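Engineer: Each chain is listed here by its residues.
2 protein chains.
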Amino acid sequence: MEHNQRIIFTNDVSAAIDQLLAEADFNRLFVLTDTNTSYFVLPRIADNAHIADATNITIKSGDMNKTIEAAADVWRALCDNGGTRKSIMINVGGGMVTDLGGFAASTFKRGIRFINVPTTLLSAVDAAVGGKTGVNFRGLKNEIGGFNEAEAVVISTCFFSTLPLTEIKSGFAEMLKHGLLKDAATYDRLLAYDFESRDYDHLLSLLRESVEVKAEIVRCDPHERGLRRALNLGHTAGHAFESYAMSRKSPIPHGYAVAWGMVVELTLANMLCGFPSARVQEYAQFVLENYGSFHITCADYDALLTLMRHDKKSEHGEMNFTLLGDVGDVKINCSATDDDVRAALDIYRDLLHI
Amino acid sequence: MEHNQRIIFTNDVSAAIDQLLAEADFNRLFVLTDTNTSYFVLPRIADNAHIADATNITIKSGDMNKTIEAAADVWRALCDNGGTRKSIMINVGGGMVTDLGGFAASTFKRGIRFINVPTTLLSAVDAAVGGKTGVNFRGLKNEIGGFNEAEAVVISTCFFSTLPLTEIKSGFAEMLKHGLLKDAATYDRLLAYDFESRDYDHLLSLLRESVEVKAEIVRCDPHERGLRRALNLGHTAGHAFESYAMSRKSPIPHGYAVAWGMVVELTLANMLCGFPSARVQEYAQFVLENYGSFHITCADYDALLTLMRHDKKSEHGEMNFTLLGDVGDVKINCSATDDDVRAALDIYRDLLHI
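As given, the protein sequences belong to chains A and B, one line each in that order.
Every number in my numbering is 6 more than the matching position in the first sequence, counting from 1.
Every number in my numbering is 6 more than the matching position in the second sequence, counting from 1.
Chain A with its partners taken away, still in its complex shape (with noise of 0.2 Å):
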C-alpha cells in the first residue's frame, strides 16, 4: 500500500483527469458507474476524451448491491474487454462504487491502479480517502475487503447540486467529526457554514480541511491499529442509533446518525474528560437546529447500550469510546460504564429537546 496518495480537489474533474492519466502509463481506461451516476454524473464529465473513450462498467446502485457478486461481474468485464496491470479504473460513484470498485480493481489479476471521484459529499470526506474497501457479506458491513489506497483521489462539490440536502448534511456530520478532532478554528468555521446558502465554492475549501485532517490520521495509522480509532469519534453511539433505527424499519442516513451519536459522545466526553459544557452545549444547538432528533426514551437505553456493547471496535463486551477533552484534545479507547451511558443519553433528550 502506498501512504502518499494524491488528492486533488477541484471543480475541474476533467482537467484533473487528464493531467492524472497524462502522467500515467497505461493501456486501457475502465470507468465504474452505478446506475445513479452513470444517468446523472457521466454525462456531465462525458465530454472528456480519455472517459469517451474508456470501457464503461455499471453496477446496479444500492449498499444492498454491494455484493461479491457485483465485484465479480466488475472482474468479467475487466476480464472480456482485455484489462491488463497496466490497466486503470476510475470509481465514479457514492461509497458504494468507491468500496466495490477499489476492492475489485485491487484484487483484479492481484491488483490494477484506480482513481476514485466521489460523487457524495459522505464519499468525499470519507470513503474515498484511507484505502478501505469492500463488499458485503451475508449482510454484514464491509466483511469482505482490504486496505488499498486509490492511486488518486478527485475531489470536488460540483456534483453535489444534484444531491438532496440530507444527502450534504449526512456528509458534513463526518466533517464536524475531522473539526472536533483538529483545532477550534477548523471546527469554528464549520459551525459557521449556512446550508440554506448551497455555497458549493466555500464548502470544497471546507471539504478539502477536512480530508486533510482524515488523510494526516490514515497516513499514522494505515491498518487501523490505533491512533486510527480518533475516526471512530461519534460511532459508537452513532451506530447504535442507525441499527437500532433499521431494526425499528425506519431507517436513518449514515451521517444524521453519527451527529446525533456525537451529542451523546460529547456528553460523556464532558462527563469524563472535562470537555466543556458550553462547547456541548454548542453543538447540540446545531446539530438540533439542522439534524433535528432521533427519538428515544428510557425504555429504549438497554437495546441501545446492547448495541453499543457489540459495536466491532468494542472488546470482549467492553463499550469503547473514543472522547475529546477539548476540541482538538483526542482519547482513543476510552470506556465507560452502563451508568455512564444511562446519564448521557438522558442529557441527549434534554439537549435535544426530547
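Hints may contain errors.
Put simply, identical chains are the same to the list, so a pair is met inside one copy or across any two.
Straight line, CA to CA, 20 Å or less: simulated EDC-like cross-link-like pairs of lysine to aspartate or glutamate [stated by the list, open to error]: (1) K175 x D86; (2) K92 x E230; (3) K92 x E157; (4) K337 x E222; (5) K147 x D86; (6) K92 x D227; (7) K337 x D205; (8) K92 x E149; (9) K337 x D227; (10) K175 x D53; (11) K92 x D24; (12) K92 x E324; (13) K92 x D317; (14) K255 x E29.
No lab work stands behind these hints, which were simulated from the structure alone.
What you are looking at is a predicted structure, and each value in this text was computed from that prediction instead of being measured.
Starting from the structure of chain A, add chain B where the hints point.
Structural biologist: The following block gives chain B in isolation, referenced to the frame of chain A:
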C-alpha cells in the same frame, strides 16, 4: 504488507505452532485444509492442543476448486464460527490451499493474520513465501488475488514422505532455479542431491537456502515491478510447455515444465549472454537423468512461440526472458528473436536426446 515475514524451518511443526501462537494475541484459531491434507496431514499434528481446539475448515482439493466460490465458503465458515479481526487461520496444504487461504484470510474483515504450513515441496519453495495470494477466475490462473504476506510460514520436510517422488522432483526444479539465481556453491549442492536417498533432513537444509533466495528477492521487490522477474527464469519456456501439454490433453507437473524450460532458457543464455556451455551440458544431464524429457518436434515450434509471446510477463508480443551470464549473474527483461528461440529448441532436443 509486512516485509519481514517470519519463516521457521523445522521438522517439529507442532512446537513451531505452539511458539508462534504463544507470542500472538488472538481469540479464535482456524485451520484450513483441503480434502487431501485433512486426511493425510492433519492427523499428524492433531495432538497439538491448539490444533485440536481449532475450528477446521476443509475445502475440496485440486486446482479446479481454487475458485471465488470456495473462498466464499471459507468466509462463511469464518463468519459462522465467530471469526474476528483477532482470529488467526493456519493454512495446511499445497499451493492451492496457501494461495486460496491467504486470499480468504487477507480479505476477511479487511484482513486477519494467517500462518502457512506448506505440505508439498513446491508450495514450501514457491507458493508459501512471497505474499502472492489468489484464486482462479473463469479458467484464468490466479486472476483474482492480492499481495498479502503470511504472518509466518512453517517449513518442514516431515510431510513429504506422504508424497510421490514426482511431487518432490517438481518442487526441486524451483530449488534448482533459486540455486542458479544465487551462486555456484548453492547450485552445486543441489546438483549433488540424490532423490533416491529420500534424505529429508538434508533436503530441509537445502530448502532453507532456497527459500531464503526467494525471500530476499521478494523483499527487494514485493509487487513484482522489476527485480522479482528474476524468479521467472525457466518459466517463459516452461509455461509454454505446460500449456502446450495441457492442450494435448496430457498435462505435465509444473516443476517438470520449469526443469525442461530451463534447458531452453540456459541454452538461450549461452547464445545471448555467454552462460558457460559446460554448465548447460551439466544441467541438461541432471534433467535427463531425473526428469526425462518433454517430447517435441519442429512441427510444434510455432505453437510454442505463440505461447511464449502470450506469457503474462511478455508485452507487445515480444518474448520476455530472464537469462544468466553465469550462475548467479542474473539478467532480467531479455528479449530473444523467433530464430534464437527456434535454435534453442533445436539444441534442447539434442541435449535431451529427442
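Engineer: Checking K92 and D227: alpha-carbon separation at most 20 Å within a copy, between copies, both or neither?
Structural biologist: Classified as between; 17 Å across copies, 29 Å inside a copy.
Engineer: When Cα atoms must be at most 20 Å apart, do K175 and D53 count as within-copy, between-copy, both, or neither?
Structural biologist: Neither, since 30 Å and 58 Å both go past 20 Å.
Engineer: Cα distance capped at 20 Å. Does K92 pair with E230 within a copy, between copies, both, or neither?
Structural biologist: Only across copies: K92 and E230 sit 13 Å apart there, 29 Å inside one copy, limit 20 Å.
Engineer: If the cut is 20 Å between Cα atoms, do K92 and D317 qualify within a copy, between copies, both or neither?
Structural biologist: between (39 Å within a copy, 15 Å between copies)
Engineer: As a check of your reading, is K147 near D86 (CA-CA no more than 20 Å) within one copy, between copies, both or neither?
Structural biologist: Between copies, since 15 Å is at most 20 Å while 29 Å is not.
Engineer: From the Cα coordinates, with 20 Å as the cut-off, is the pair K255 and E29 best called within, between, both, or neither?
Structural biologist: neither (48 Å within a copy, 45 Å between copies)
Engineer: Within a copy, between copies, both or neither: where do K175 and D86 come within 20 Å Cα-Cα?
Structural biologist: neither (40 Å within a copy, 37 Å between copies)
Engineer: When Cα atoms must be at most 20 Å apart, do K92 and D24 count as within-copy, between-copy, both, or neither?
Structural biologist: within (17 Å within a copy, 43 Å between copies)
Engineer: State whether the alpha carbon distance between K337 and D227 is at most 20 Å within one copy, between copies, both, or neither.
Structural biologist: Answer is within; shortest intra-copy Cα gap is 15 Å, inter-copy 38 Å.
Engineer: Under a CA distance limit of 20 Å, which applies to K337 and E222: within one copy, between copies, both, or neither?
Structural biologist: within (17 Å within a copy, 41 Å between copies)
Engineer: For K337 and D205, with the copy left unspecified, which applies at a CA distance of at most 20 Å: within, between, both, or neither?
Structural biologist: For K337 and D205, the Cα distance exceeds 20 Å both inside one copy (34 Å) and across copies (58 Å).
Engineer: Which holds for K92 with E157 at a C-alpha limit of 20 Å: within a copy, between copies, both or neither?
Structural biologist: within (13 Å within a copy, 29 Å between copies)
Hints 1, 7, 10, 14 from the list above are not met by this structure, while the remaining hints are.
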